[in-house]
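Asker: Chains A and B are the protein sequences, given in the same order.
Each residue of the first sequence is one higher than the one before, starting from 38 at the first, in this note's numbering.
Each residue of the second sequence is one higher than the one before, starting from 4 at the first, in this note's numbering.
Please note that a few of the clues may not be correct.
[Said to hold, decoys possible] Label-pair ranges, simulated between beta-carbon atoms:
1) B/Leu85 x A/Ile42: 24 to 34 Å
2) B/Arg45 x A/Ser103: 22 to 32 Å
3) A/Pro118 x B/Asn58: 47 to 57 Å
4) A/Phe111 x B/Tyr64: 26 to 36 Å
5) A/Thr75 x B/Glu18: 22 to 32 Å
6) A/Gln134 x B/Lys61: 18 to 28 Å
7) B/Asp12 x A/Thr152: 35 to 45 Å
8) A/Gln134 x B/Ser111: 24 to 34 Å
9) B/Leu85 x A/Asn89: 38 to 48 Å
10) B/Phe99 x A/Ser110: 28 to 38 Å
11) A/Gln54 x B/Thr116: 14 to 24 Å
In case anyone wonders, no lab produced these hints; they're calculated from the structure.
All of these numbers come straight from a predicted model, not from anything done at the bench.
Note that the Cβ used here is the ideal one computed from N, Cα and C, for glycine as well.
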Amino acid sequence: DAGVIQSPRHEVTEMGQEVTLRCKPISGHDYLFWYRQTMMRGLELLIYFNNNVPIDDSGMPEDRFSAKMPNASFSTLKIQPSEPRDSAVYFCASRLQGGTSGANVLTFGAGSRLTVL
Amino acid sequence: AQSVAQPEDQVNVAEGNPLTVKCTYSVSGNPYLFWYVQYPNRGLQFLLKYITGDNLVKGSYGFEAEFNKSQTSFHLKKPSALVSDSALYFCAVRPFSSGSARQLTFGSGTQLTVLP
Chain A
38 DAGVIQSPRH EVTEMGQEVT LRCKPISGHD YLFWYRQTMM RGLELLIYFN
88 NNVPIDDSGM PEDRFSAKMP NASFSTLKIQ PSEPRDSAVY FCASRLQGGT
138 SGANVLTFGA GSRLTVL
Chain B
4 AQSVAQPEDQ VNVAEGNPLT VKCTYSVSGN PYLFWYVQYP NRGLQFLLKY
54 ITGDNLVKGS YGFEAEFNKS QTSFHLKKPS ALVSDSALYF CAVRPFSSGS
104 ARQLTFGSGT QLTVLP
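With the rest of the complex left out, here is chain A:
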């Protein structure tokens, strides 16, 4: 398995532009998470999905952020319009549901580093 795949790895954009980050989870995993990592706030959970359905989006900073999971193999995180304070590394992670052996372990993608000028 190629693991969790994120694109783009790096994105530089100007304030006000729309940004779309993409994630392909591990096949068969039924949970998908979006995290944001910054020096100031560390690792923050933005939203997570179970079986393609958003379960908890209380970590999404504001209405400029939206996330979708149209099918089991693809998710997007969109920022519109982007602002300099959105600059961060955005991680996607996936895992299987339940159980106690081998489950509950998150597999992270390599991240998308976003710079908003």
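Go by the hints and put chain B onto chain A.
Answerer: Chain B in isolation, oriented as in the chain A frame:
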């Protein structure tokens, strides 16, 4: 609400010496506890976890962690550090019966530097 504290932002240790990265937690009920490691420009990688059973948990790359319920701690240890162990380490907790809880809560991370 659950929380994780990693009291040290930075830990330096000489190669070959034992290392400890500290973690304490707060959670309602019994915890699931995890350690993840992040190398530069990479995502977090799973190291080890405590679910139930033996308090000493062994994981990848020779790391181990000891669950101490009375002290609510889950310190990461390795008997002999390698330069290649230099990375950012995260402790994480979730309640045993999370229900609709927001899954894992991560600590702020500890940067481990192993000096040659």
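Asker: Would you pick out the hints that fail for this structure and give their numbers low to high?
Answerer: Per hint list: 7 and 11 violated.
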